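4 protein chains.
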Amino acid sequence: MATVLGANQYGKAENRVVRIVRDTPRHEIRDLNVSTSLRGEFTAAHATGDQSQVLPTDTQKNTAFAYAKLHGISSIEDYALALGRRLLKATPAATAAQVRVEEYAWDRLGQHAFSRRGGDVRTCVVTVGRDEDGTHVLSGLQDLVLLKSTDSEFKGFLKDEFTTLAETDDRILATSLIAKWRHTRTDVDWNASYADARECLLSTFATSYSRALQETLHLMGSAVLGGQQELAEIRFSAPNKHHFLVDFNGFDADGLTNDGEVFIAADRPYGLIEAQVSRDDAPPPGDAWLHVPGFV
Amino acid sequence: MATVLGANQYGKAENRVVRIVRDTPRHEIRDLNVSTSLRGEFTAAHATGDQSQVLPTDTQKNTAFAYAKLHGISSIEDYALALGRRLLKATPAATAAQVRVEEYAWDRLGQHAFSRRGGDVRTCVVTVGRDEDGTHVLSGLQDLVLLKSTDSEFKGFLKDEFTTLAETDDRILATSLIAKWRHTRTDVDWNASYADARECLLSTFATSYSRALQETLHLMGSAVLGGQQELAEIRFSAPNKHHFLVDFNGFDADGLTNDGEVFIAADRPYGLIEAQVSRDDAPPPGDAWLHVPGFV
Amino acid sequence: MATVLGANQYGKAENRVVRIVRDTPRHEIRDLNVSTSLRGEFTAAHATGDQSQVLPTDTQKNTAFAYAKLHGISSIEDYALALGRRLLKATPAATAAQVRVEEYAWDRLGQHAFSRRGGDVRTCVVTVGRDEDGTHVLSGLQDLVLLKSTDSEFKGFLKDEFTTLAETDDRILATSLIAKWRHTRTDVDWNASYADARECLLSTFATSYSRALQETLHLMGSAVLGGQQELAEIRFSAPNKHHFLVDFNGFDADGLTNDGEVFIAADRPYGLIEAQVSRDDAPPPGDAWLHVPGFV
Amino acid sequence: MATVLGANQYGKAENRVVRIVRDTPRHEIRDLNVSTSLRGEFTAAHATGDQSQVLPTDTQKNTAFAYAKLHGISSIEDYALALGRRLLKATPAATAAQVRVEEYAWDRLGQHAFSRRGGDVRTCVVTVGRDEDGTHVLSGLQDLVLLKSTDSEFKGFLKDEFTTLAETDDRILATSLIAKWRHTRTDVDWNASYADARECLLSTFATSYSRALQETLHLMGSAVLGGQQELAEIRFSAPNKHHFLVDFNGFDADGLTNDGEVFIAADRPYGLIEAQVSRDDAPPPGDAWLHVPGFV
Numbered sequence: 235m236a237t238v239l240g241a242n243q244y245g246k247a248e249n250r251v252v253r254i255v256r257d258t259p260r261h262e263i264r265d266l267n268v269s270t271s272l273r274g275e276f277t278a279a280h281a282t283g284d285q286s287q288v289l290p291t292d293t294q295k296n297t298a299f300a301y302a303k304l305h306g307i308s309s310i311e312d313y314a315l316a317l318g319r320r321l322l323k324a325t326p327a328a329t330a331a332q333v334r335v336e337e338y339a340w341d342r343l344g345q346h347a348f349s350r351r352g353g354d355v356r357t358c359v360v361t362v363g364r365d366e367d368g369t370h371v372l373s374g375l376q377d378l379v380l381l382k383s384t385d386s387e388f389k390g391f392l393k394d395e396f397t398t399l400a401e402t403d404d405r406i407l408a409t410s411l412i413a414k415w416r417h418t419r420t421d422v423d424w425n426a427s428y429a430d431a432r433e434c435l436l437s438t439f440a441t442s443y444s445r446a447l448q449e450t451l452h453l454m455g456s457a458v459l460g461g462q463q464e465l466a467e468i469r470f471s472a473p474n475k476h477h478f479l480v481d482f483n484g485f486d487a488d489g490l491t492n493d494g495e496v497f498i499a500a501d502r503p504y505g506l507i508e509a510q511v512s513r514d515d516a517p518p519p520g521d522a523w524l525h526v527p528g529f530v
Numbered sequence: 235m236a237t238v239l240g241a242n243q244y245g246k247a248e249n250r251v252v253r254i255v256r257d258t259p260r261h262e263i264r265d266l267n268v269s270t271s272l273r274g275e276f277t278a279a280h281a282t283g284d285q286s287q288v289l290p291t292d293t294q295k296n297t298a299f300a301y302a303k304l305h306g307i308s309s310i311e312d313y314a315l316a317l318g319r320r321l322l323k324a325t326p327a328a329t330a331a332q333v334r335v336e337e338y339a340w341d342r343l344g345q346h347a348f349s350r351r352g353g354d355v356r357t358c359v360v361t362v363g364r365d366e367d368g369t370h371v372l373s374g375l376q377d378l379v380l381l382k383s384t385d386s387e388f389k390g391f392l393k394d395e396f397t398t399l400a401e402t403d404d405r406i407l408a409t410s411l412i413a414k415w416r417h418t419r420t421d422v423d424w425n426a427s428y429a430d431a432r433e434c435l436l437s438t439f440a441t442s443y444s445r446a447l448q449e450t451l452h453l454m455g456s457a458v459l460g461g462q463q464e465l466a467e468i469r470f471s472a473p474n475k476h477h478f479l480v481d482f483n484g485f486d487a488d489g490l491t492n493d494g495e496v497f498i499a500a501d502r503p504y505g506l507i508e509a510q511v512s513r514d515d516a517p518p519p520g521d522a523w524l525h526v527p528g529f530v
Numbered sequence: 235m236a237t238v239l240g241a242n243q244y245g246k247a248e249n250r251v252v253r254i255v256r257d258t259p260r261h262e263i264r265d266l267n268v269s270t271s272l273r274g275e276f277t278a279a280h281a282t283g284d285q286s287q288v289l290p291t292d293t294q295k296n297t298a299f300a301y302a303k304l305h306g307i308s309s310i311e312d313y314a315l316a317l318g319r320r321l322l323k324a325t326p327a328a329t330a331a332q333v334r335v336e337e338y339a340w341d342r343l344g345q346h347a348f349s350r351r352g353g354d355v356r357t358c359v360v361t362v363g364r365d366e367d368g369t370h371v372l373s374g375l376q377d378l379v380l381l382k383s384t385d386s387e388f389k390g391f392l393k394d395e396f397t398t399l400a401e402t403d404d405r406i407l408a409t410s411l412i413a414k415w416r417h418t419r420t421d422v423d424w425n426a427s428y429a430d431a432r433e434c435l436l437s438t439f440a441t442s443y444s445r446a447l448q449e450t451l452h453l454m455g456s457a458v459l460g461g462q463q464e465l466a467e468i469r470f471s472a473p474n475k476h477h478f479l480v481d482f483n484g485f486d487a488d489g490l491t492n493d494g495e496v497f498i499a500a501d502r503p504y505g506l507i508e509a510q511v512s513r514d515d516a517p518p519p520g521d522a523w524l525h526v527p528g529f530v
Numbered sequence: 235m236a237t238v239l240g241a242n243q244y245g246k247a248e249n250r251v252v253r254i255v256r257d258t259p260r261h262e263i264r265d266l267n268v269s270t271s272l273r274g275e276f277t278a279a280h281a282t283g284d285q286s287q288v289l290p291t292d293t294q295k296n297t298a299f300a301y302a303k304l305h306g307i308s309s310i311e312d313y314a315l316a317l318g319r320r321l322l323k324a325t326p327a328a329t330a331a332q333v334r335v336e337e338y339a340w341d342r343l344g345q346h347a348f349s350r351r352g353g354d355v356r357t358c359v360v361t362v363g364r365d366e367d368g369t370h371v372l373s374g375l376q377d378l379v380l381l382k383s384t385d386s387e388f389k390g391f392l393k394d395e396f397t398t399l400a401e402t403d404d405r406i407l408a409t410s411l412i413a414k415w416r417h418t419r420t421d422v423d424w425n426a427s428y429a430d431a432r433e434c435l436l437s438t439f440a441t442s443y444s445r446a447l448q449e450t451l452h453l454m455g456s457a458v459l460g461g462q463q464e465l466a467e468i469r470f471s472a473p474n475k476h477h478f479l480v481d482f483n484g485f486d487a488d489g490l491t492n493d494g495e496v497f498i499a500a501d502r503p504y505g506l507i508e509a510q511v512s513r514d515d516a517p518p519p520g521d522a523w524l525h526v527p528g529f530v
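Protein chains in written order, with the working numbering: chain W, 235 to 530; chain B, 235 to 530; chain U, 235 to 530; chain G, 235 to 530.
One chain only, chain W, in its complex shape (with noise of 0.2 Å):
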């Protein structure tokens, strides 16, 4: 038997840029967690340690710092686009480069100061070919976290001998979002399509009824897919983020009742719940979610 190399690819996770626009009193913020990574023909590197062919993460991150001011950050999917180019074009043995970027949102104080929102992240995961065709961005958000004080019901479930949960017409429904949708063509208005697809998930979960987490999920990617013709799929990872209702039967306290007013939040374990929608006439995704963590 022999060993051979498999799938492989290196960069730099986790740059941690900052691009302050300072042309005017009125200072602009974008904050920025940039993952680069090359895919290739790199070989040489793992089987004998020759580094010839390999662009070192150090200069990848350069790079990324670099572009923050050589091309700007108008949207990050344009920033990554740019990057991503940027690396494929100087490294000669990759085949493809994919740019990762989370965005942290500002809230704006004054003309030059700022508070950090929380909140939702804005996502994208870039991949860039040596042809248009091997282009590809997803956008997307994590960390929405999601409740429903009512409108959630969880019954009519399979069971067997170990169920012991007990149907409900009223619980609290609440997740912590992790969306990507996928983009059919790169000369998109990347701000506003976010934007957009942001809003339908937040509009949609708030006016459904829910019979289950499945459900919501669906009718939310079915929102997003319906705004806007040019996206292809949205993936969805959602845990269940349980609120159990607090049972008050044992306590010795006179008419100290629970209709569904007081819940304990539980950490672990959580039910995780995980979907694709795809429009039917989509175009196959190639390599647009090779290697992206979580849910494909």
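These aren't lab readings, by the way, just hints derived from the structure by calculation.
Only a predicted model underlies this, so the values are computations on that prediction, with no experimental measurement involved.
Check before you lean on any hint, since a few could be wrong.
No distinction is drawn between identical chains; accordingly, a pair holds when it is met within one copy or between any pair of copies.
[Said to hold, decoys possible] Straight line, CA to CA, 20 Å or less: simulated DMTMM-like cross-link-like pairs of lysine to aspartate or glutamate:
hint, residue 1, residue 2
1, K393, E262
2, K475, E387
3, K323, D367
4, K389, E401
Since chain W is already given, all that's left is putting chains B, U and G on it; use the hints.
Just chains B, U and G now, kept in the frame of chain W:
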């Protein structure tokens, strides 16, 4: 020699209490992390394992949830006072109860749908003693991430043979603030007081020129105390979240400059500035800060 | 256009199963983090909220705990196979069940007292399908932090106009390794196989000269495959945990040199090297790596 | 009214100092997390931004790294004493320096290869004042996770109307221990002292019957003090890491019992037991515990 039992306390930490108020179709949500502890004469429990004077931490947990309903949560301070008084009453051997609360804010999406806001967290530490003098309320916040992209300098500092830091007239100043302020009364409009203090912190940070984080904290503290006469003091723990200007000098790229535009946000090490600002006629703190984690 | 449901799975993540074997005064402990998921024909749940084919995640949790007793935990692979088969049998609509386990090791202090070992964590990902071809076992480990204080170089690499990294003949090489290897059989002595693979990884790392992390991973992977003929492949995700030599040149201290003696351990960014080594006659992986988080 | 500056301190937190001793082919590694702070008369810095008496935190960082070479790290206590004395000497306005260190242990794989051990972390907090009376050494450990699978009961406790906990003769007792003990001298064999104290903690935990975590901590503390006459006191912060017996009663499975065999390890809430054991003739602590995070 002999050993003696010294200070001690016990309780239940991190009860995740979620309270839904659903008296009308427009629900309200309060989302808390509640920790309780009891202090007093518990030598028997330590010396011989005699639990007869020990109210179990499990009961403390149950009480925290029951009081979310029985007393309600008009503010975290009011809730913590009620809960502390109850625990003290239920435990004859205790001389004091301390209740710590963190509150996570939610934004409304609809009548009964919410998204978690993220960002800073409101906190309180309430100590209840056997008499009114032993009752103390600290209000505060944590995880308030602030940044100034200019109007911050650091120069004129003491130097020794290990000093290599360059002086600067213009840098990013950023911190993730923890602040706690001590009330001298318990008949306060807690929510209004909190809103005023938080606003003072933000506006002072935004509008002041900074010669060092120490000076900025001092201004912020003075502003909070100046706005509310019943406050005795405020204490800060403020990591200096360093943003280092990226050095483009080694790059072989024409015209690539960095005039305060591209920074790398560093994780560790970080400066850590801690300070207290007091009213000069403040009454003594008693046990208000006893066993409060962090800077005291 | 219409939207269609794509890939999906659901389950219960991070069940913290602790099993004490106490048949004799000398107790044994197994401490697991168990995640289960089911895949298959669950369109009705997503499209109309019909749960009649959905075995609740709560039941999956109950089964994970029940099987810790009914089947026992001779190894995490054996336990996961039994649990996956059970979940698949209980859910007619499912086509596959995946069970992921992390195991935390404990050191013995006495007959029934233990201290948690810390360090690396043993893992497995088991996929059970409706026929034997659909059953796959990945074994692995994570959080294995390794460091070489010499015998590591990095030089001869590709350079461009953003390259500033100096070449070096001697550096610290450190990583926090995640590795997973794929078995081709299910009648394996899982504990012996794991011990052998882990030992191969450690000894190869310790004894090899490193021209780059890529080369070292390749050697480690080849060693593991060389030691066990039934293994098909191994995959690595290896952050390059940078240790930067501290520059004492700016210090005004006579004779203060740094010949590879004092380093600062950096958090972010970090290099991230990911690679796969396969036997050249390995059978195809099927769904063994489907939806496995991280590098695939 | 006027506001006054109260207590304050500043420094550099979490310097990740890695020291390789390579005088022979058999290398040694010391891996530290070092935090320094200075206290004293720094009013000008707070009031007017005057930094002329402020040794920058960047210089404190540089000194921490330089002293890893100039002084060396025979033990973290010895290193911290030297570093604190140096910082105090370099800063005339300071009245005290505090140095906190955590040390991560590594296991040897070869002459110059290591794997990080994980598990508990050795710590110290050293305060250096202007005279010898102001110098204090606390040694300790954290993240020491201990578990007893029997010989632990909890019963006979105080009950009120919110008490629902059942009494038990047999439960799992588990904690993730933080302990710090105060020395009365500075001419101690720090490594031998630490090894003895840690062994006392482990053996007492392993061999004692527990009526409550309070009792067990008291025994452990007394054992440590009993073993080393120069120790004045020891303080513990001990989360009660609950392991709940899984209830199989609702399962429709013949003969499925749970006699202390299957537990769910819970995250939150957790009991938190904090206590101090002192020698009855211990000298007063002075500022030894000032601003030490956690239970004091």
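Results for each hint:
Taking identical chains as interchangeable, the C-alpha atoms of K393 and E262 are never at most 20 Å apart, the minima being 55 Å within one chain and 33 Å between chains. Within a single copy, K475 and E387 get their C-alpha atoms as close as 15 Å, which meets the 20 Å cut-off; across copies the closest is 33 Å, which misses it. Proximity of K323 to D367 under the C-alpha cut-off of 20 Å is restricted to the intra-copy arrangement: shortest distance 16 Å within a copy versus 42 Å between copies. In this assembly of identical chains, the alpha carbons of K389 and E401 lie at most 20 Å apart only when taken from the same copy (5 Å versus 35 Å across copies).
The earlier numbered hint that this structure contradicts is number 1, and it is the only one.
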